[in-house]
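Peer 1: Sequence:
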Amino acid sequence: MCGRFAVTLPNEAMAQLFNAAPANDLPDVPNFNTCPTTQIHVVEPGARRLLRPMRWGFIPQWYDKPNGGPLLINARAETIAEKPAFRAACRARRCLIPCNGFYEWTKDPDGNRLPWYITRRDGAMMVFAGVWQDWGPDDNRLRTCAMVTIGANTPMRQIHHRMPVILEPENWGKWLGEEGHGAASLMRPSSDDVLQFHRVGTSVNSNRAQGPDLIQEIPAG
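Mapping of the sequence shown onto the working numbering: residues 372 to 592, in sequence order.
Simulated from the structure, these hints should not be mistaken for lab results.
Treat the hints with care, since some could be wrong.
To be verified - Simulated restraints, written as ranges between beta carbons of each label pair:
| no. | residue 1 | residue 2 | range |
| --- | --- | --- | --- |
| 1 | 550 | 395 | 26 to 32 Å |
| 2 | 406 | 495 | 20 to 26 Å |
| 3 | 459 | 492 | 21 to 27 Å |
| 4 | 579 | 454 | 28 to 34 Å |
| 5 | 459 | 529 | 32 to 38 Å |
Note that the Cβ used here is the ideal one computed from N, Cα and C, for glycine as well.
Required output: the full structure, derived from the provided sequences and hints.
Peer 2: Pasting the structure below:
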């Protein structure tokens, strides 16, 4: 599961990281509280990769309006190839979704939501496997996307039973379809030593909150 994340790398640096041409209308950075239904940074393949904005919230072709059914921000790896909403995109429309870290929540004995911030131990950009879908009439077409998730690895199970599929740099091209077949083999949990996490303040519980304080560690307890 992933429902919020942070992006702090400047757009030009992000484009260089992926050897991608940056679109002119990329979302503003830094954004310490990226939420569903907003525009996010996405890398898609082409003669040259393109770093472009997409709506986070995959809209199947049969929806009559963007909120015409459940909000699909995540796609389960175990069923993505069979689910009508995702099966075509899984075969032909895969993408990369970069971020610096993402949030997940646990609850205390009183039911209060306690946020955690998850990053890579090596400090590198985190890159999620994603799929995308165009939706709507040609004169008002939306490009929409969802992150692929998988059962959590051992450390992440302390926080949540699922996690995003996190791709290592050597696998970006395979997920994008630039290196032939084999993308399905990448839909697995990351190694137990890849991620780290810490408690952060409850300000991030509001989807309107912003600022670097959202990712600052607080004592867990």
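Peer 1: Indicate, hint by hint, whether the structure satisfies it.
Peer 2: Quick rundown of the hints versus the structure:
For the pair residue 550 and residue 395, the beta carbons lie near 29 Å from each other, so the given range of 26 to 32 Å is met. Judged by the Cβ atoms, the range 20 to 26 Å given for residue 406 and residue 495 holds: they are separated by roughly 24 Å. Between residue 459 and residue 492 the CB atoms are about 35 Å apart, so this pair departs from the stated range of 21 to 27 Å. Between residue 579 and residue 454 the beta carbons are some 32 Å apart, a value that agrees with the proposed interval 28 to 34 Å.
Separation of residue 459 from residue 529 is about 36 Å and conforms to the stated range, judged on CB atoms against 32 to 38 Å.
Checked against the numbered hints given earlier, the structure breaks only hint 3 and satisfies all the rest.
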